[in-house]
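Asker: This is what each chain is made of:
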Amino acid sequence: MKRLGLFLIPLLAFGLIWVFLLQGLFSDPRTLESTRIEKPLPPFTLPDLMQDDIRYTEKDLTGQVTLLNVWGTWCITCAIELPYLAELQQQGIHIVGLYYEQDTDPDFGGKTLPQIRQEVLAKLGQLGNPYAYNIYDVNRNYSLDLGVTGAPETFLIDSKGVVRLHHIGDVNPQVWQSKFVPVYQALGEQVAP
Amino acid sequence: MNKRVLVALLAGLMMNFAIASTDTWEFESPQQQALFQTLVHELRCPKCQNQNIADSEAMIAQDLKRKVYELVKQGQTEAQVIDYMKVRYGDFVYYQPPVNTTTVWLWLLPIGFVLLGFILIWRRPHQMTDVMDEDLLKQADSMLEKDQ
Chain A
1 MKRLGLFLIP
11 LLAFGLIWVF
21 LLQGLFSDPR
31 TLESTRIEKP
41 LPPFTLPDLM
51 QDDIRYTEKD
61 LTGQVTLLNV
71 WGTWCITCAI
81 ELPYLAELQQ
91 QGIHIVGLYY
101 EQDTDPDFGG
111 KTLPQIRQEV
121 LAKLGQLGNP
131 YAYNIYDVNR
141 NYSLDLGVTG
151 APETFLIDSK
161 GVVRLHHIGD
171 VNPQVWQSKF
181 VPVYQALGEQ
191 VAP
Chain B
1001 MNKRVLVALL
1011 AGLMMNFAIA
1021 STDTWEFESP
1031 QQQALFQTLV
1041 HELRCPKCQN
1051 QNIADSEAMI
1061 AQDLKRKVYE
1071 LVKQGQTEAQ
1081 VIDYMKVRYG
1091 DFVYYQPPVN
1101 TTTVWLWLLP
1111 IGFVLLGFIL
1121 IWRRPHQMTD
1131 VMDEDLLKQA
1141 DSMLEKDQ
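The listed protein sequences correspond, in order, to chains A and B. The numbering of the first sequence is the working numbering, which starts it at 1 and goes up by one. The numbering of the second sequence is the working numbering, which starts it at 1001 and goes up by one.
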């Protein structure tokens, strides 16, 4: 009996550690629990990226299901997802851009607004334009309010302005199928698979 | 001579560190300065796996530092600033995890292991020689003799 115990205890310990380490292999430490899920968008008043006199607030993102896509021309992964987003837009998905720029900081070189606009137009002309419009997050304060850690990130917002999904990284066909389509369907929206 | 060069080089290195750590943040009082320094060392960069925002050059860390600076200048307390960040980036952003049903094991398990150790020592049989098998000993002895 004692021998059996001496044999079983290390085996059991080994098994437990094995299970613990094995699940570590499949967990991505970069996936953080978003704090904004199932909550209404925090309030904001921000200008249009292309026209200073147009202002948007959180109310502009209500009334229909919207994808709020956080991006910038400096972001490489954003350029990879742009064509796919443009495809989704063709299928009738409403996509709004939340644009932010790192180069406006004096530390980074102090890029001017006309320069940014030119780069945005060039990028969208080259890769396709999925955006109904782009909100310009001037000081990146709104990104901070949303808990954005980088770009690209995409929020799915229902017609009442409540955040239903926060995806970090690019939107591609696999991610679209596994993460976005179920939420759209739960909201009673028709989306092409 | 060689030593002097070495000392000069080391001094140069240290000067770099000194410059890097002061940054460009200016405060009205040394208390605010101290609070800012505490906060940027306690808050964790959400993009990096294990760096505080003082250490990180990631854009998000720069943004968070700027925000901490703003909030400290407004006169907010340490707890207020930490709450502000937690609302946006979750518990991940602060290095001290909260005690709840999932994290309580971080404290309970080590205590449990120590207790288990004590119990095992306490219950250990006192005379280890009893475990020895007489037959086996004899066998071993005869083997040794054969060798000689």
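Quick caveat, the hints were computed from the structure, so don't treat them as lab data. Since the model is a prediction, treat every value here as computed from it, not as a measurement. Cβ atoms here follow ideal geometry from the backbone N, Cα and C, with glycine treated the same way. Just so you know, not all the hints are guaranteed correct.
[As the list claims (entries may be wrong)] Computed list of chain B residues with no C-beta within reach of chain A, every gap over 10 Å:
1) MET1059
2) VAL1087
3) GLY1112
4) GLN1139
[Unchecked claim] Listed below are the simulated EDC-like cross-link pairs for lysine to aspartate or glutamate, each with C-alpha atoms no more than 20 Å apart in a straight line:
5) B:LYS1047 <-> A:ASP145
6) B:LYS1065 <-> A:GLU38
7) A:LYS2 <-> B:GLU1042
8) B:LYS1086 <-> B:GLU1042
9) B:LYS1086 <-> A:ASP145
10) B:LYS1047 <-> A:GLU119
Asker: Broken hints, numbered, in rising order?
Answerer: Numbers 1, 2, 6, 7, 10 - these are the hints that the structure violates, sorted from lowest upward.
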